[in-house]
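Student: What follows is each chain in one-letter form.
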Amino acid sequence: MIVISKEKLTIQKEQDVVLFRNRIKELATKIGMSLVNQTKLITAASELVRNMLRYGGGGITHLEIVSKNSIPGVRLIFVDEGPGIKDITLAMKDGYSTGKSLGLGLPGAKRLVNEFDLKSEPGKGTTVTIIRWKNGL
Amino acid sequence: MNKESAAALKGKKKQILENWMANQLKDAALRDDLMSVSELQQQSEEFLSTLLKAFASPNAEDTDSAGYESIHDILSEISITRARQGFSPRETSAYILSLKEVLSQVLEDRFKDETAILYREIISMNKIMDSLSLVTMETYIKGREEVILRQTNEMSEISTPVIRVWEGILALPIIGTLDSARTQVVMEALLEEIVATGSRIAILDISGVPTVDSLVAQHLIKTVSAARLMGAECIISGIRAEIAQTIVHLGIDLTNIYTKATLASALKMSFSMLSIQVSKAAQNGPVGSKQNFGF
Numbered sequence: 001m002i003v004i005s006k007e008k009l010t011i012q013k014e015q016d017v018v019l020f021r022n023r024i025k026e027l028a029t030k031i032g033m034s035l036v037n038q039t040k041l042i043t044a045a046s047e048l049v050r051n052m053l054r055y056g057g058g059g060i061t062h063l064e065i066v067s068k069n070s071i072p073g074v075r076l077i078f079v080d081e082g083p084g085i086k087d088i089t090l091a092m093k094d095g096y097s098t099g100k101s102l103g104l105g106l107p108g109a110k111r112l113v114n115e116f117d118l119k120s121e122p123g124k125g126t127t128v129t130i131i132r133w134k135n136g137l
Numbered sequence: 138m139n140k141e142s143a144a145a146l147k148g149k150k151k152q153i154l155e156n157w158m159a160n161q162l163k164d165a166a167l168r169d170d171l172m173s174v175s176e177l178q179q180q181s182e183e184f185l186s187t188l189l190k191a192f193a194s195p196n197a198e199d200t201d202s203a204g205y206e207s208i209h210d211i212l213s214e215i216s217i218t219r220a221r222q223g224f225s226p227r228e229t230s231a232y233i234l235s236l237k238e239v240l241s242q243v244l245e246d247r248f249k250d251e252t253a254i255l256y257r258e259i260i261s262m263n264k265i266m267d268s269l270s271l272v273t274m275e276t277y278i279k280g281r282e283e284v285i286l287r288q289t290n291e292m293s294e295i296s297t298p299v300i301r302v303w304e305g306i307l308a309l310p311i312i313g314t315l316d317s318a319r320t321q322v323v324m325e326a327l328l329e330e331i332v333a334t335g336s337r338i339a340i341l342d343i344s345g346v347p348t349v350d351s352l353v354a355q356h357l358i359k360t361v362s363a364a365r366l367m368g369a370e371c372i373i374s375g376i377r378a379e380i381a382q383t384i385v386h387l388g389i390d391l392t393n394i395y396t397k398a399t400l401a402s403a404l405k406m407s408f409s410m411l412s413i414q415v416s417k418a419a420q421n422g423p424v425g426s427k428q429n430f431g432f
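For the protein sequence lines, the chains are H and D, in the order given. Under my numbering, the residues of the first sequence are numbered 1 to 137, in order. Under my numbering, the residues of the second sequence are numbered 138 to 432, in order.
FYI, nobody ran anything at the bench for these hints, they're computed from the structure.
Residues on chain H that point at chain D, a partial pick, calculated with CB under 7 Å:
id, residue
1, Thr43
2, Leu102
3, Arg111
Computed from a predicted structure; not experimentally measured. Glycine included, C-beta positions come from ideal geometry on N, C-alpha and C.
Build out the structure end to end from the sequences listed, making use of the hints.
Tutor: What follows is the structure, encoded as structure tokens:
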């Protein structure tokens, strides 16, 4: 896998989410992603970035255009230094939430993207990496 | 800054003010449409007197000292008003920078033969004026931020109209991102209107919502539940194809809520729920002639 372009965006407040989503849309349009795939990617990103704001106290996002076997895709990495997730298996279950939300953010985001990786260490923070390929496979 | 230069500047106050005003007036950036000349003269005179007083104080170079407090106040006020009046950053900072030029001229005349002192005094004066111009910029930006914040608030209020489309049917087109604050505004407006009109059906149209994630969905569900508690049924319309797919993948359960793809089909559904029949009138004359519309 090769990284074609990369950039960084800091997320500190709710207003940053809109800017972040618009930037992803630009990247996805640039590689010619279809509207359905774009919407799925943006929604997944929106879930993760909201989690980052709500539980991680904000953090940094990396937006990258990557390519594997000459198929382009968008890779997003969310890094926060919040309290971390104690039980990842439980957190990935539908309907589980430590807040008062629907509990669909993490599992839903996973279903919306092609590759999903979550690393977390209690007390140190959480890093989530997602990729959605242009062809959606 | 030594006593001599402070005294020299004080002695030339009238001339400084005149030159400064001339400088400001000749600058192409001056906005006499936003501020009258007499107003500017008054503002400048007040500022200059306070500044010269601060120059004469023992620690004149420390712009955080007590002597500069009132200067900071005046400057902040000037730049905040200018930001609100729509001055550009350039115009705002030109106010301080044009004074710097005049002050250097006076110092140059005073210390014509003592280059070393002149150099030192100019540097020290520059330092003070630069730090003041930073204050100007800082408060200018603060003033602009206030404007932006106010506009954001205004926008969230104007963008949530509740429309009465039929007797007993309300429509609420939601445009933009649906965050917690917006939901509060939307919900309040809707519930109030339900009471005021006695409507039984509310159509929430989300055609203008770019992203529907689980938080937005949760806000929608909350709004629907609140409306139900008041005896009104909600229909969510404007669900686009890509949003429908995304909602399914996210796993959001909207089966308890009536949803439609378009506002038109939601309206049709409300008609049947209220047992209203809308049909084409029998046509007598040629299509499109005025008497057919019944006005």
